[in-house]
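S.K.: Below, each chain spelled out in residue letters.
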Amino acid sequence: MRPYEMTLAAAAGAIRRRELSPVELVDSVLDRIERIQPRLTAYATVTAERARRAARDAERAITEGRPHGPLHGVPMGLKDLIDVAGIPTTASSRVRAGHRAQTDSAVAARLSEAGAVLVGKTHTHEFAYGLTTPQTRNAWDAGRVAGGSSGGSAVAVAAGAATFALGTDTGGSIRVPAALNGIVGLKPTYGLVPRRGVTSLAWSLDHVGPLARTVEDTALVLDALVGPGGGGPAGPDSPSAPPEELTGLRVGVPRTYYFDRVAPQVEAAVRRAIGRLADLGARLVDVDIPMTRYVQAVQWGLMVPEATAYHEHTLRTVPDLYGADVRILLEAGALMSAGDYLRAQRARTLMRREWAVLFEKADVIAAPSVPVTAVKAGQETVTWADGTEEGVADAYVRLSAPANITGVPALSLPVGRDRAGMPIGMQLLARPLAEALLLRVGRAYERTQPAPEVASAS
Amino acid sequence: MQSLSFKEAEVSAPDLTPHEAARWADRHGLPLPAHRHAPVAATARHIHSVVAVLRELDLGDVPPTAGHRAHLTEEERLDAAV
Numbered sequence: 001m002r003p004y005e006m007t008l009a010a011a012a013g014a015i016r017r018r019e020l021s022p023v024e025l026v027d028s029v030l031d032r033i034e035r036i037q038p039r040l041t042a043y044a045t046v047t048a049e050r051a052r053r054a055a056r057d058a059e060r061a062i063t064e065g066r067p068h069g070p071l072h073g074v075p076m077g078l079k080d081l082i083d084v085a086g087i088p089t090t091a092s093s094r095v096r097a098g099h100r101a102q103t104d105s106a107v108a109a110r111l112s113e114a115g116a117v118l119v120g121k122t123h124t125h126e127f128a129y130g131l132t133t134p135q136t137r138n139a140w141d142a143g144r145v146a147g148g149s150s151g152g153s154a155v156a157v158a159a160g161a162a163t164f165a166l167g168t169d170t171g172g173s174i175r176v177p178a179a180l181n182g183i184v185g186l187k188p189t190y191g192l193v194p195r196r197g198v199t200s201l202a203w204s205l206d207h208v209g210p211l212a213r214t215v216e217d218t219a220l221v222l223d224a225l226v227g228p229g230g231g232g233p234a235g236p237d238s239p240s241a242p243p244e245e246l247t248g249l250r251v252g253v254p255r256t257y258y259f260d261r262v263a264p265q266v267e268a269a270v271r272r273a274i275g276r277l278a279d280l281g282a283r284l285v286d287v288d289i290p291m292t293r294y295v296q297a298v299q300w301g302l303m304v305p306e307a308t309a310y311h312e313h314t315l316r317t318v319p320d321l322y323g324a325d326v327r328i329l330l331e332a333g334a335l336m337s338a339g340d341y342l343r344a345q346r347a348r349t350l351m352r353r354e355w356a357v358l359f360e361k362a363d364v365i366a367a368p369s370v371p372v373t374a375v376k377a378g379q380e381t382v383t384w385a386d387g388t389e390e391g392v393a394d395a396y397v398r399l400s401a402p403a404n405i406t407g408v409p410a411l412s413l414p415v416g417r418d419r420a421g422m423p424i425g426m427q428l429l430a431r432p433l434a435e436a437l438l439l440r441v442g443r444a445y446e447r448t449q450p451a452p453e454v455a456s457a458s
Numbered sequence: 001m002q003s004l005s006f007k008e009a010e011v012s013a014p015d016l017t018p019h020e021a022a023r024w025a026d027r028h029g030l031p032l033p034a035h036r037h038a039p040v041a042a043t044a045r046h047i048h049s050v051v052a053v054l055r056e057l058d059l060g061d062v063p064p065t066a067g068h069r070a071h072l073t074e075e076e077r078l079d080a081a082v
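Protein chains in written order, with the working numbering: chain B, 1 to 458; chain G, 1 to 82.
In silico negatives: residues of chain B with every beta carbon more than 10 Å from chain G: (1) 34; (2) 255; (3) 280; (4) 286; (5) 379; (6) 381; (7) 418; (8) 421; (9) 450.
From the derived model, a few chain B residues whose C-beta atoms are all more than 10 Å from chain G: (10) 17; (11) 19; (12) 52; (13) 53; (14) 60; (15) 290; (16) 385; (17) 390; (18) 419.
Here are the computed distance ranges between Cβ atoms for each label pair: (19) G:17 / B:35: 47 to 55 Å; (20) G:56 / B:31: 52 to 60 Å; (21) B:352 / G:53: 14 to 22 Å.
Calculated directly from the structure, the hints in this document are not laboratory data.
Only a predicted model underlies this, so the values are computations on that prediction, with no experimental measurement involved.
No residue lacks a Cβ here, since even glycine has one placed at the ideal position from N, Cα and C.
Here chain B stands alone, though its shape is the one from the complex (with noise of 0.2 Å):
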């Protein structure tokens, strides 16, 4: 296996073990870059120069004696939304030319602190606003999306590009590229992985998150991101603990919204993982998911005028510097007034009280992450067995948007791949703060599967 290849978990311990050096996992996975980056173009910015003198600095450490941690030597991709110092912060818009980032955003210094070595910024679709990420191609076949927004960090660690990443996701933007590239992608609790230094799309549904090939990746990533008595799931319930059997454990299979025009083969690889994780001792109870009706609506009343706002001054000065889609909606947010914006926060009140109902009759509820596999690129809309029609980007969000809004922390695991060869995701959600549990479960249905493998990148 060559290093590129290995998970965190793997890296970490040959690193540790002394069997692989930082510099040599670095090269390959820089190596690697430069022959996906023609292809599939993961990245908005290669860090090259930087990685290699961090890795040299990282075996310093090791060969010294210091201490360290799993991330320590270990090459990630940061999502252009992040700020590093010294560093563009592009936002895959022309509206940043120039920019240049003045501090490390929070989770920047966290993953540093960890000795995590960045190799580069990955491709966003523009400013986040938006689910296919076009300037990227899926890992597993380039004439598909990669998903959205962090399409970029998603295909970087499908393709061996990174051995993991961070994105953001305000609608679905980790677990859906995570999804659709076969990946892990967990967006927190709101408000648990601080968000200074990342540029907003929607202050109140934004999160920030790991994206990595495991679980049990995902799981190392957010215990340095939420660090030591950062009022995260540390300590003794520490996620990268072992995982524990499932006996007893309530999770959820809703029977309404989430298997709600899914294609055939999603649910079916989702219900069996369902029943993988009935195999391992959970039990399984029917739920109805609450104000489905209004999920919509909501995530729309909050992130339209959010976003407007936060690109205001830019609106008006350089318009003609934002893609055509994301220009659009911009524009139009600005006609939403604030009974709109007030009564979708008020809506939000309301299905967050229902959803803390819903989670006093489970633990986890389980669910597909995307009701579709990889769409063709320039595919624009999606037809269901019912004969209705929906717009790729609502379908892509659809699943996704109950935990923007209320908050919950949600896991995006690979259980599958439809007959073209394309991921399938499994969404597991919990109550807030109950990361540990969902890296819990997660786990332990991964260790029922195959190791994954890194995409070929044809």
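For chain B, the structure is supplied; the task is to place chain G on it using the hints.
M.R.: Frame of chain B; chain G shown alone:
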């Protein structure tokens, strides 16, 4: 207050015209060039058709989620800028 309520209803109306879109955008400090009036009006109508369903809800005295905090969070003290 009466006139404000009336105008909110007007701007949210599903039959928002390009002219009205331009006028309201301008009023919100975003002057739109003429070629943007029709597409912005069409997109605003679509957004409105999605969010209008919230008017069905009886929200009583339910407060908005965004709550007041006495202490500034880390994000509130310092955030990234466009």
